[in-house]
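Peer 1: Just so you know, the sequences run in chain order A and B. Each residue of the first sequence is one higher than the last, beginning at 1 in the working numbering. Each residue of the second sequence is one higher than the last, beginning at 1 in the working numbering.
No lab work stands behind these hints, which were simulated from the structure alone. Be a bit skeptical, because a hint or two may be false.
If we take Cβ atoms under 7 Å as the criterion, some of the chain B residues that face chain A in the derived model are [what the hints assert, rightly or not]:
{"id": "1", "residue": "Phe32"}
{"id": "2", "residue": "Pro34"}
{"id": "3", "residue": "Asn38"}
{"id": "4", "residue": "Ala42"}
{"id": "5", "residue": "Arg44"}
{"id": "6", "residue": "Gln53"}
{"id": "7", "residue": "Thr61"}
{"id": "8", "residue": "Asp62"}
{"id": "9", "residue": "Val65"}
{"id": "10", "residue": "Met90"}
{"id": "11", "residue": "Ser99"}
{"id": "12", "residue": "Val139"}
{"id": "13", "residue": "Arg141"}
{"id": "14", "residue": "Phe148"}
{"id": "15", "residue": "Tyr159"}
Backbone N, C-alpha and C define an ideal beta-carbon position, used for all residues, glycine too.
There are 2 protein chains.
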Amino acid sequence: MQCPVPVHRTDRVLLAHGGGGRLTQELIERLFLPAFANPALAARHDGAVFEAQGGPLAFTTDAFVVDPLVFPGGTIGDLAVNGTVNDLAMCGARPVALSAAFILEEGLPMETLERVVGSMRDAALRAGVPVATGDTKVVDRGKADGMFITTSGVGVVEYPVSPAMVRPGDRILVSGPLGAHGVAILSVREGIEFETAIASDTAPLWDAVRGLCESGAEVHCLRDLTRGGLASALNEIAAAAGVGMEIGEAAIPVEAPVRAACELLGLDPLYVANEGRFAAFVSGASADRALEALRAAGCEEATIAGEVVESPAGTVILRSRIGGRRVVDMLSGEQLPRIC
Amino acid sequence: MQCPVPVHRTDRVLLAHGGGGRLTQELIERLFLPAFANPALAARHDGAVFEAQGGPLAFTTDAFVVDPLVFPGGTIGDLAVNGTVNDLAMCGARPVALSAAFILEEGLPMETLERVVGSMRDAALRAGVPVATGDTKVVDRGKADGMFITTSGVGVVEYPVSPAMVRPGDRILVSGPLGAHGVAILSVREGIEFETAIASDTAPLWDAVRGLCESGAEVHCLRDLTRGGLASALNEIAAAAGVGMEIGEAAIPVEAPVRAACELLGLDPLYVANEGRFAAFVSGASADRALEALRAAGCEEATIAGEVVESPAGTVILRSRIGGRRVVDMLSGEQLPRIC
Numbered sequence: 001m002q003c004p005v006p007v008h009r010t011d012r013v014l015l016a017h018g019g020g021g022r023l024t025q026e027l028i029e030r031l032f033l034p035a036f037a038n039p040a041l042a043a044r045h046d047g048a049v050f051e052a053q054g055g056p057l058a059f060t061t062d063a064f065v066v067d068p069l070v071f072p073g074g075t076i077g078d079l080a081v082n083g084t085v086n087d088l089a090m091c092g093a094r095p096v097a098l099s100a101a102f103i104l105e106e107g108l109p110m111e112t113l114e115r116v117v118g119s120m121r122d123a124a125l126r127a128g129v130p131v132a133t134g135d136t137k138v139v140d141r142g143k144a145d146g147m148f149i150t151t152s153g154v155g156v157v158e159y160p161v162s163p164a165m166v167r168p169g170d171r172i173l174v175s176g177p178l179g180a181h182g183v184a185i186l187s188v189r190e191g192i193e194f195e196t197a198i199a200s201d202t203a204p205l206w207d208a209v210r211g212l213c214e215s216g217a218e219v220h221c222l223r224d225l226t227r228g229g230l231a232s233a234l235n236e237i238a239a240a241a242g243v244g245m246e247i248g249e250a251a252i253p254v255e256a257p258v259r260a261a262c263e264l265l266g267l268d269p270l271y272v273a274n275e276g277r278f279a280a281f282v283s284g285a286s287a288d289r290a291l292e293a294l295r296a297a298g299c300e301e302a303t304i305a306g307e308v309v310e311s312p313a314g315t316v317i318l319r320s321r322i323g324g325r326r327v328v329d330m331l332s333g334e335q336l337p338r339i340c
Numbered sequence: 001m002q003c004p005v006p007v008h009r010t011d012r013v014l015l016a017h018g019g020g021g022r023l024t025q026e027l028i029e030r031l032f033l034p035a036f037a038n039p040a041l042a043a044r045h046d047g048a049v050f051e052a053q054g055g056p057l058a059f060t061t062d063a064f065v066v067d068p069l070v071f072p073g074g075t076i077g078d079l080a081v082n083g084t085v086n087d088l089a090m091c092g093a094r095p096v097a098l099s100a101a102f103i104l105e106e107g108l109p110m111e112t113l114e115r116v117v118g119s120m121r122d123a124a125l126r127a128g129v130p131v132a133t134g135d136t137k138v139v140d141r142g143k144a145d146g147m148f149i150t151t152s153g154v155g156v157v158e159y160p161v162s163p164a165m166v167r168p169g170d171r172i173l174v175s176g177p178l179g180a181h182g183v184a185i186l187s188v189r190e191g192i193e194f195e196t197a198i199a200s201d202t203a204p205l206w207d208a209v210r211g212l213c214e215s216g217a218e219v220h221c222l223r224d225l226t227r228g229g230l231a232s233a234l235n236e237i238a239a240a241a242g243v244g245m246e247i248g249e250a251a252i253p254v255e256a257p258v259r260a261a262c263e264l265l266g267l268d269p270l271y272v273a274n275e276g277r278f279a280a281f282v283s284g285a286s287a288d289r290a291l292e293a294l295r296a297a298g299c300e301e302a303t304i305a306g307e308v309v310e311s312p313a314g315t316v317i318l319r320s321r322i323g324g325r326r327v328v329d330m331l332s333g334e335q336l337p338r339i340c
């Protein structure tokens with residue numbers, strides 16, 4: 001006869017939670033299945049099986065190592081879900097399914113894991129996409145930092161866009177004020193309090209992308225402004241497309257408290273990570289329509305921040321408020337480690 | 001004019017390699033793009049875009065935290081590629097695209113990263129699947145353990161199988177000798193040398209699955225025998241399908257050196273992790289044909305190890321060599337942490 005083994009519920013993550021045995025099963029049944037309830041996950045297969053029709057597929061992955069795990073405006077969990085939804089959106093793809101792989105440090109409070117998983121559930125519901133498959137590993141104490149999460153996503157491409165489609169004459173739209181995510185993280189990490197609380201901008205971007213693309217604007221490329229910020233994103237695309245770019249300092253939205261915090265911390269908002277902002281490259285003729293569509297789709301503070309030029313290829317130029325021009329280079333060192 | 005910033009090649013991973021700036025780009029261009037050369041990756045988009053037609057999709061993810069990073073028969077890199085290929089294969093799915101997300105510890109020798117990436121390239125070539133998208137993060141020294149890799153995979157389901165299809169009368173095939181992976185890892189970790197070197201069994205399983213399914217055998221379910229080994233896999237499926245199982249000790253292949261090592265180390269081969277072995281559930285009538293097909297597809301030492309019974313539901317029984325019967329329970333604690 002099978003002798004039931006007593007299950008010791010614990011308030012901390014144990015190595016055995018990652019061992020593939022009884023405690024792993026308990027974690028799945030007690031935490032993950034209820035949080036992410038969906039048919040693919042409930043099948044308890046080795047992976048999720050689903051139909052995805054209507055266009056080519058987009059497939060993306062991101063590891064999240066943000067420190068701290070919980071910060072003003074979000075957690076590592078919603079950051080991971082939104083980040084992957086946004087990478088799909090930047091491919092013009094409607095998100096269809098996400099995966100989540102957890103690397104947990106032995107001793108992590110179970111309460112922290114539950115809070116993070118709860119915020120993933122909320123973010124997935126908000127974005128309308130199931131967390132369809134997952135994995136959990138546990139490493140011994142001191143061999144990780146609380147938890148790391150890697151999310152991957154599959155989507156169906158509804159609007160084909162690509163860095164290769166960017167051409168001189170395109171306008172560069174920025175979807176909203178820059179820098180809040182990076183400043184929010186840094187303020188917690190460094191224990192700095194600002195007069196105005198600054199919350200991360202983490203948010204899903206698919207609805208804004210759909211609104212933009214449905215407007216009839218001729219959209220060539222989309223890029224979220226994460227690690228390395230607007231400056232790195234523009235440099236990457238300028239290099240990939242073999243074009244130059246010019247942006248106007250006055251047209252780049254940065255909220256006053258973020259600007260003040262950046263000045264205090266010695267940061268350039270152009271390089272600070274955002275987790276709910278993107279740049280869109282649209283034809284010059286459809287720039288106004290695109291701006292209107294973005295604003296109607298929830299990006300009320302979107303701007304036309306600059307334009308694509310022929311030369312110098314691979315270079316991004318900033319026109320300053322006082323009329324100067326300077327090269328905005330790719331981020332060279334590490335500005336803010338573990339920002340996402 | 002743009003002033004070229006000197007790029008300092010280093011022999012260690014720096015925080016800035018994960019910062020999204022110049023060093024991240026250099027890592028991508030110098031290491032990842034050449035290793036995984038494929039059109040999706042070369043597009044430098046936020047994700048991979050590809051066509052996948054012919055059936056429903058399978059989607060899977062796994063985090064790899066194996067210690068040590070390099071061991072007899074493999075590295076964390078081929079383990080990750082094979083593991084994800086195999087999770088797809090266990091869904092009856094032909095692998096179409098993989099993703100790889102790296103979490104690196106600051107100070108990791110660049111040589112180690114290169115070796116691991118090289119073994120991923122080789123494993124991906126062997127399995128015939130591109131690593132189509134990826135991500136790299138770096139955490140400060142002491143906040144990870146060298147490197148962790150999370151791979152995800154997308155496949156097209158060619159042979160629909162599922163735990164729910166398992167029924168009484170099915171035969172349980174085991175694709176080859178058990179326990180080599182776990183013993184190989186443990187022997188390095190504990191500094192034990194055996195008379196016969198034991199190498200990990202890490203290998204891709206899609207060709208074996210295809211051979212089995214093409215044979216005309218009626219295949220109901222497939223499961224790889226990773227963390228928790230054969231015992232945990234059978235328990236999971238018995239619980240999911242609401243059936244019992246009986247396996248014969250004499251019919252479960254374990255090579256003599258592995259058996260001896262397990263005895264020495266106090267391990268039960270039924271619970272030891274494998275990274276290139278699976279169980280197949282096939283109808284009783286097609287068991288012989290299935291065995292023949294498996295053997296023809298490279299699993300020369302496959303056996304019919306047992307059968308599915310009606311009751312007691314959710315329970316796995318082992319018939320020992322000397323005629324006794326005992327319950328093989330799910331792994332209860334943690335036998336071998338960080339085995340994959």
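Peer 1: Indicate, hint by hint, whether the structure satisfies it.
Peer 2: Hints versus structure:
{"no.": "1", "hint": "Phe32", "result": "13 Å, violated"}
{"no.": "2", "hint": "Pro34", "result": "17 Å, violated"}
{"no.": "3", "hint": "Asn38", "result": "12 Å, violated"}
{"no.": "4", "hint": "Ala42", "result": "10 Å, violated"}
{"no.": "5", "hint": "Arg44", "result": "5 Å, holds"}
{"no.": "6", "hint": "Gln53", "result": "9 Å, violated"}
{"no.": "7", "hint": "Thr61", "result": "4 Å, holds"}
{"no.": "8", "hint": "Asp62", "result": "5 Å, holds"}
{"no.": "9", "hint": "Val65", "result": "5 Å, holds"}
{"no.": "10", "hint": "Met90", "result": "4 Å, holds"}
{"no.": "11", "hint": "Ser99", "result": "4 Å, holds"}
{"no.": "12", "hint": "Val139", "result": "5 Å, holds"}
{"no.": "13", "hint": "Arg141", "result": "11 Å, violated"}
{"no.": "14", "hint": "Phe148", "result": "6 Å, holds"}
{"no.": "15", "hint": "Tyr159", "result": "11 Å, violated"}
Going down the numbered hints, you'll see the structure goes against 1, 2, 3, 4, 6, 13, 15, while the others check out.
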